[in-house]
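Engineer: Sequences and hints are given; from them, build the entire structure.
Given next are the chains, with one letter for each unit.
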Amino acid sequence: MAELIAKGTWVEIHRIVLPVGERAAQVPEETKRVPLEMRVKGFLVAPAALGEEAEIVTRAGRRLWGTLTEVNPAYDHSFGPPVPELSTIGEEVRAILGDRGRGR
Amino acid sequence: MTDESYAAIMAQREEIMRGSVGIDYGQYVTGVLAFDYERLLADTGYDVETARAVQTLTAVGDTPLVELRNVTELVRCVAKPGKGARIFVKDEAANPSGSFKDRRASLSIHEAKKRGYAGVAAATSGNYGAAVASQAAKAGLRCIVVQEAFDSQGIAQPEIAEKTRACEAYGAEVIRLSVGPELFYVFLLTLKETGYFNASLYTPYSIVGIETLGYELAVQVKERTGRFPDVVIATHAGGGNVTGTARGLRKGGAAQTGMIAASVDLSGLHMASDHDFNRKSFTTGHTGFSMPFTTWPDRADVPRNAARPLRYMDRFVTVTQGEVFYMTQVLAELEGLERGPAGNTSLAAAFAIAQELDEDRIVVVQETEYTGAGKHPLAQLNLAKRLGIEVRRGHPRDNQPGRRIVIPAHPSQIAVVDVDLDGVRRLYLQRAVESLPEGATLSDVDLEFLAADTRTSRGYVQGIIDELRRENA
Numbered sequence: 000m001a002e003l004i005a006k007g008t009w010v011e012i013h014r015i016v017l018p019v020g021e022r023a024a025q026v027p028e029e030t031k032r033v034p035l036e037m038r039v040k041g042f043l044v045a046p047a048a049l050g051e052e053a054e055i056v057t058r059a060g061r062r063l064w065g066t067l068t069e070v071n072p073a074y075d076h077s078f079g080p081p082v083p084e085l086s087t088i089g090e091e092v093r094a095i096l097g098d099r100g101r102g103r
Numbered sequence: 000m001t002d003e004s005y006a007a008i009m010a011q012r013e014e015i016m017r018g019s020v021g022i023d024y025g026q027y028v029t030g031v032l033a034f035d036y037e038r039l040l041a042d043t044g045y046d047v048e049t050a051r052a053v054q055t056l057t058a059v060g061d062t063p064l065v066e067l068r069n070v071t072e073l074v075r076c077v078a079k080p081g082k083g084a085r086i087f088v089k090d091e092a093a094n095p096s097g098s099f100k101d102r103r104a105s106l107s108i109h110e111a112k113k114r115g116y117a118g119v120a121a122a123t124s125g126n127y128g129a130a131v132a133s134q135a136a137k138a139g140l141r142c143i144v145v146q147e148a149f150d151s152q153g154i155a156q157p158e159i160a161e162k163t164r165a166c167e168a169y170g171a172e173v174i175r176l177s178v179g180p181e182l183f184y185v186f187l188l189t190l191k192e193t194g195y196f197n198a199s200l201y202t203p204y205s206i207v208g209i210e211t212l213g214y215e216l217a218v219q220v221k222e223r224t225g226r227f228p229d230v231v232i233a234t235h236a237g238g239g240n241v242t243g244t245a246r247g248l249r250k251g252g253a254a255q256t257g258m259i260a261a262s263v264d265l266s267g268l269h270m271a272s273d274h275d276f277n278r279k280s281f282t283t284g285h286t287g288f289s290m291p292f293t294t295w296p297d298r299a300d301v302p303r304n305a306a307r308p309l310r311y312m313d314r315f316v317t318v319t320q321g322e323v324f325y326m327t328q329v330l331a332e333l334e335g336l337e338r339g340p341a342g343n344t345s346l347a348a349a350f351a352i353a354q355e356l357d358e359d360r361i362v363v364v365q366e367t368e369y370t371g372a373g374k375h376p377l378a379q380l381n382l383a384k385r386l387g388i389e390v391r392r393g394h395p396r397d398n399q400p401g402r403r404i405v406i407p408a409h410p411s412q413i414a415v416v417d418v419d420l421d422g423v424r425r426l427y428l429q430r431a432v433e434s435l436p437e438g439a440t441l442s443d444v445d446l447e448f449l450a451a452d453t454r455t456s457r458g459y460v461q462g463i464i465d466e467l468r469r470e471n472a
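Taken in order, these protein sequences are the chains called X and E. For the first sequence, the residue numbers in numbering that gives the first Met the number 0 are 0 to 103. For the second sequence, the residue numbers in numbering that gives the first Met the number 0 are 0 to 472.
Rather than coming from a laboratory, the hints here were simulated on the basis of the structure. Glycine included, every Cβ here is placed at the ideal spot set by N, Cα and C. Among the hints, erroneous ones may be present.
[What the hints assert, rightly or not] Where chain X lies over chain E, by a calculated footprint (3+ residues, C-beta under 8 angstroms):
{"#": "1", "region": "63-73"}
{"#": "2", "region": "159-166"}
{"#": "3", "region": "173-181"}
[What the hints assert, rightly or not] Among chain E residues calculated to face chain X with C-beta under 8 angstroms, some are:
{"#": "4", "residue": "273"}
{"#": "5", "residue": "333"}
{"#": "6", "residue": "337"}
{"#": "7", "residue": "378"}
{"#": "8", "residue": "387"}
{"#": "9", "residue": "390"}
Structural biologist: What follows is the structure, encoded as structure tokens:
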């Protein structure tokens, strides 16, 4: 049996809002071929297992149902490595400025 | 059980919007297309002074005006002798949530609180979400932000991921959606369910909230230099920035200052495309918003849009993605200001436009925005490379949105491309004529309205409409 995540844990749920075939008429073809998906975070209302239906209370106090997809989801957006195409711009413009770029 | 299908909710659109902004737009109707724009704004009850008073309560506004002396020197290194206007920037990143959007959110949240709404909701993937969440936190209101955040592969746009984090940091619920205009359906559903106030970017409160920016910068530039700015450049997306800033400049006495709108050129990319979503490398300030909103302002999430940029812009220019990333790096390294990137669209335009003007002239870039993880040229360029977009140094004319980002090889290559405003006006008028109900005719009031909305004359409007009719005959 899958491990149950404790009530009150900060989680993310996932739900299909509009399945393929129900998307708006004005949507381009390639977007119509995929569903409109929703992800929302909140506190788990009752113990549930990953991949199962679960209810959450959001930060706005709403109760929402969806598939439990993540436990304590990380903020993993970052900067990534330096980009060589930007790395030398500072030196280049300082060279152009010469003595004029000494600040005032 | 109530019908919550797409069709059912969209059919209730007018009713849900009316309840959620507390404005009866019907009372402003004066013709088939015309409405009393000035009265809509005046009825907010705020002028610049009272708006500033509300904003001061949450430390919004009164941001520093910074002269970019080194950038100006760099302009003069590449400009013709005697050319190279002084460039100033209004450091809007100093606002509580890090952008000028706090000004737009402040009056809406103040009104929502005053009228007893339990919470506020906003449909936005940008800085505005953080601004609404920040203001709501201070006011003790619940907040829901609806974002278009990731594509069908589950790849989040890094700048929007940062906005998710910021909104959640302020205690908001964030509804993250995959790509598509049906975001509006989810937003309406949320408003209907919660009864929250719609803190739309396009209400009169949002626009009056920006007037303080134009007003402040007029006063600050006059105090600092003894004259009003010659031109102010605003990064242009939905039109609020241009509209509110221009109105504020006039209220601050700078009636002769030219208003220039600047957008990142994203031509060729489709805004509702799942494939193109993560290939834009910009989340706002681009032509994907500015073109449709300039030619049809009333496409917004309120019945009548208070942002009507064609009324105010003297000039509309585009710059490339690579030019904006280049200037973002220059701003950091020559001025010690790590800001943007999207807000630096107007800075890239300023670098080119300052070269057209004499050295004693003044150009103001009217905003900066905070920088952070995801919200940075490195994050965008790394994602672009991962998706197979070529990133290289070269001439900006070789930049191709979604295929190749060209970082200028030399600052002398930075240029603006002028958008033909008459072409834009024509598209606006074409849309207006198409939106006429069957059998309806335009009255004098409508022609006056269309002239004001396109900043032209009745004769001009009539001429274009006659032309369009002949073409369609």
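Engineer: Does each hint hold? Answer for all of them.
Structural biologist: Do the hints match the structure? See the list:
With 4 residues carrying a beta carbon less than 8 angstroms from a beta carbon of chain X, the region 63-73 of chain E meets the three-residue requirement, and the given coverage holds. Here the region 159-166 of chain E counts 4 residues with a CB under 8 angstroms from a CB of chain X, which clears the bar of 3, and the coverage holds. Counting residues of the region 173-181 of chain E whose C-beta sits closer than 8 angstroms to any C-beta of chain X gives 9, which meets the bar of three, so the coverage hint holds. This hint holds: residue 273 of chain E has a C-beta 4 angstroms from the nearest C-beta of chain X, less than the 8 angstroms allowed.
Among the interface hints, the one on residue 333 of chain E holds; its C-beta lies about 6 angstroms from the nearest C-beta in chain X, closer than the 8 angstroms criterion. For residue 337 of chain E, the shortest C-beta to C-beta distance to chain X is roughly 11 angstroms, which exceeds 8 angstroms, and the interface hint is violated. About 6 angstroms separates the beta-carbon of residue 378 of chain E from the nearest beta-carbon of chain X, less than 8 angstroms, and the hint is met. Evaluation of the residue 387 of chain E hint against chain X yields a violated restraint, the C-beta minimum of about 16 angstroms exceeding 8 angstroms.
The beta carbon of residue 390 of chain E is positioned within 8 angstroms of a beta carbon in chain X (closest approach about 5 angstroms), and the interface hint is therefore held.
In summary, the structure is inconsistent with hints 6, 8 from the numbered list given earlier, while agreeing with the others.
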